[in-house]
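Protein chains: 2
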Amino acid sequence: MISSAPDTRRRILSEAARLFVERGYHGISMRELALAVGVTKPALYHHYADKEAVFLAIMEVSLASLEQMLVDAEAQSGIHAQLGTLVQALTESGTEQRMGLQLAPELKHISPERRHSFEQHYRRVWMGGLGRMLAQAAGRGEVRGDLPPTELVRAFMGLLYPLAMGAPLERPRETGEALLSVFFGGVTPQPERP
Amino acid sequence: MISSAPDTRRRILSEAARLFVERGYHGISMRELALAVGVTKPALYHHYADKEAVFLAIMEVSLASLEQMLVDAEAQSGIHAQLGTLVQALTESGTEQRMGLQLAPELKHISPERRHSFEQHYRRVWMGGLGRMLAQAAGRGEVRGDLPPTELVRAFMGLLYPLAMGAPLERPRETGEALLSVFFGGVTPQPERP
DNA sequence: CCTACCGATCGGTAGG
DNA sequence: CCTACCGATCGGTAGG
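So the protein lines, in turn, are chains A and B. Counting with full-length UniProt numbering, you get residues 1 to 194 for the letters of the first sequence. Counting with full-length UniProt numbering, you get residues 1 to 194 for the letters of the second sequence.
Among the clues, some could well be false.
Unchecked claim - Cross-link-like lysine-lysine pairs, in silico, PhoX-like; alpha carbons within 25 Å at most:
| hint | chain 1 | residue 1 | chain 2 | residue 2 |
| --- | --- | --- | --- | --- |
| 1 | A | Lys108 | B | Lys51 |
| 2 | A | Lys51 | A | Lys41 |
| 3 | A | Lys51 | B | Lys41 |
| 4 | A | Lys108 | B | Lys108 |
| 5 | B | Lys51 | B | Lys41 |
The set of hints was computed from the structure by calculation and includes no laboratory data. On a predicted model such as this, the values are computed, not experimentally measured, just so you know.
Can you build the whole structure from these sequences, using the hints too?
See the structure below:
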């Protein structure tokens, strides 16, 4: 006889992530989540201490997924291949992997102690990882050195925003390539460069 | 004897905007809002039919402000001056004018009919205005013609994202200029261009 | 004493 | 614009 606990936990996180993205942290109740999963509400509390624990578990899983994307990207050589790999991973990944980015603004609803702890982790992994890649690229002369790495990270994260947020894109791959092309080359025409 | 109703309405929107940005649509109650404004809860309902009406009133005011920024920007000649004017207006404007951008994701909590009506208005004014400016610039050869205007708008709105969202920036003017510089020139070094 | 739940209800608060 | 409330639902927990 096999325990179904791990599967139940997985289904809780999957349904909760979908509902949190759709309606926000305060937009769903533990009752609705329980109904969507197909268990009773007290059963949710058996698996997760409270609503915040459910939310933070989703964020941790998603952050681990983003971290893996960063590792795969950094294994490439050259900033073009690295960010291309990252953008491709983001556009090809299911909704689940992007949810960390989509749900990040909802962290404001989590109690300060738990929020700050996770935010530290998030910033270190995600913004830290991007910052490292861009700073090393600047060191190799592959990107402009006149802008602080912070601003480069900001610009790149801004360009990634349409890939993660809002309604699903019609042609995510093409949009990803277009955004990356703007990030590297800008929108000013450059007849000299083919 | 002067009626204080207009002032009360203004204060309701001001406090509500602050609270909605801080804690999200479902994160504040009409009781909290009444307390913050210094009126009773039923008094709120005297001025606005319901919670959604308060939220949508904030969005309409903010969209009118964004529309004025677009008008001022379009009066400039050349896409550089136009977007520069727009970014400067965004970074110099108080928090109030940016709230339409910050609160846009919270529209998902508004009932479909009222939401769709506003979203149409929003898209026509904001994305439509940006699209018009960028398409005309492409027609003048000031921006790349190989990317669809939709993608150019997406890229620009993505770059604007850090200006509006998240914690207030330390040096908004410099960040605005850096983001605009990436939008126009990209991050690839161009030794030939001074 | 464990995992995996159940039906019922707690004290408070939501929008109106 | 107030006091005084409503139907319902909120996040979380009781005993078994």
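Against the structure, the hints:
{"no.": "1", "hint": "A:Lys108 - B:Lys51", "result": "holds (21 Å)"}
{"no.": "2", "hint": "A:Lys51 - A:Lys41", "result": "holds (11 Å)"}
{"no.": "3", "hint": "A:Lys51 - B:Lys41", "result": "violated (29 Å)"}
{"no.": "4", "hint": "A:Lys108 - B:Lys108", "result": "holds (17 Å)"}
{"no.": "5", "hint": "B:Lys51 - B:Lys41", "result": "holds (11 Å)"}
When each numbered hint is compared with the structure, a violation occurs for hint 3 only.
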